[in-house]
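Student: In my numbering, the protein residues as written are 12 to 331.
Hint data in this document are derived by calculation from the structure and do not stem from the laboratory. Even glycine gets a Cβ: it sits at the ideal position worked out from N, Cα and C. One or more hints might be untrue.
[As the list claims (entries may be wrong)] Cβ-Cβ distance ranges computed for the label pairs, FRET-style: (1) Leu135 x Lys34: 28 to 38 angstroms; (2) Leu214 x Arg19: 54 to 64 angstroms; (3) Asp126 x Ala68: 28 to 38 angstroms; (4) Asp124 x Ile217: 33 to 43 angstroms; (5) Asp69 x Trp176: 55 to 65 angstroms; (6) Ala228 x Thr290: 30 to 40 angstroms; (7) Ala293 x Arg138: 39 to 49 angstroms; (8) Asp285 x Arg57: 20 to 30 angstroms; (9) Arg210 x Pro169: 18 to 28 angstroms; (10) Arg210 x Ala133: 33 to 43 angstroms; (11) Asp294 x Gly114: 43 to 53 angstroms.
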Amino acid sequence: MVDERAQRIAEFIAPLRVEPGRKVKLHKDFDPRLHSSTVSRKKEGREILQTGIALLADYQARLAAQDTYGVLLCLQALDAGGKDGTIRHVMSGVNPQGVHVSGFTVPSAEELDHDYLWRYAARLPARGDIGIFNRSHYEEVLVVRVHPELLDRQKLPPESRKRIWHRRYREINDWERYLTDNGFRVLKVFLNLSYDEQRRRFLRRIDEPDRNWKFSAADVRERRRWKDYQKAFSEMLSRTSTPWAPWYVVPADRKWFARICTAAILAHTLIEIDPRFPTVDADTRAQLAAARAELMAQAPASANGRTTHRPTAAAGAGRA
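Construct all of the structure, not just a fragment, from the sequences and the given hints.
Tutor: So this is what it looks like as structure tokens:
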């Protein structure tokens, strides 16, 4: 049953994966409105998402108990791409103690006094945890590439600016390989939103009072650079989708479908890790048996033959 489920998930997400070495032209290669022929309606999507959430909860418990691997999910998208909603829905059923979400905005003065990966490395998940980057180290080859004037704030020596994007792709790939070699799986999801759908979502944020707080005039200014961002995203996908840390391009015009895809990608990674609950040795089993016998002996028999738990005065005093 598990093998069949894993196979179905793998087949479902295969069209979304950017094969390493592939040259991507985002506007031609990936359709933001795409959806699966097997999941064509929102109602069906809700049911499948709930199944996926239950699967994630099970595997997250195993991941935490094994305490050997960690998982880093990087979410990238343009404004209004649906990152926050995706995180909220996909992770709704997991133990919040084992999930840590980090958002990255304009770097602080302290962060600018370090190398560009420093602030991201400081937020990496621990073993047994799932870390989510809402925007990630890829901002350093996206927004910084579209706005190269931001490099001035990074205090780079002049020689470091030569072939800077080529070098940063290599450094990011090497860093992700290092993480993978040390037991931290890196999966990367780009929520691919269409130009027209972004316009509709922006208008909704303007027209609906309870959404006004989500809109900024800067969003429209960035939208004017749409072609620049599409080029930067295409280059990023082409240069940094690797066998150890592949990119997945998720159609994001339908929010419900984007959430299903993201849940499936995360579930696929956890299934591949296949974390197991730890087993105990013979000595520990003997200690467990002795503890169980002692606890059973402490339960007095009730009138109907069943046992009930009644703490003794001494036990209560000890807790006090």
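Student: All hints, please: hold or fail.
Tutor: Okay, the hints, checked on the actual structure:
{"no.": "1", "hint": "Leu135 x Lys34: 28 to 38 angstroms", "in the structure": "holds (30 angstroms)"}
{"no.": "2", "hint": "Leu214 x Arg19: 54 to 64 angstroms", "in the structure": "violated (38 angstroms)"}
{"no.": "3", "hint": "Asp126 x Ala68: 28 to 38 angstroms", "in the structure": "holds (37 angstroms)"}
{"no.": "4", "hint": "Asp124 x Ile217: 33 to 43 angstroms", "in the structure": "holds (38 angstroms)"}
{"no.": "5", "hint": "Asp69 x Trp176: 55 to 65 angstroms", "in the structure": "violated (41 angstroms)"}
{"no.": "6", "hint": "Ala228 x Thr290: 30 to 40 angstroms", "in the structure": "violated (58 angstroms)"}
{"no.": "7", "hint": "Ala293 x Arg138: 39 to 49 angstroms", "in the structure": "violated (26 angstroms)"}
{"no.": "8", "hint": "Asp285 x Arg57: 20 to 30 angstroms", "in the structure": "holds (28 angstroms)"}
{"no.": "9", "hint": "Arg210 x Pro169: 18 to 28 angstroms", "in the structure": "violated (41 angstroms)"}
{"no.": "10", "hint": "Arg210 x Ala133: 33 to 43 angstroms", "in the structure": "holds (36 angstroms)"}
{"no.": "11", "hint": "Asp294 x Gly114: 43 to 53 angstroms", "in the structure": "holds (46 angstroms)"}
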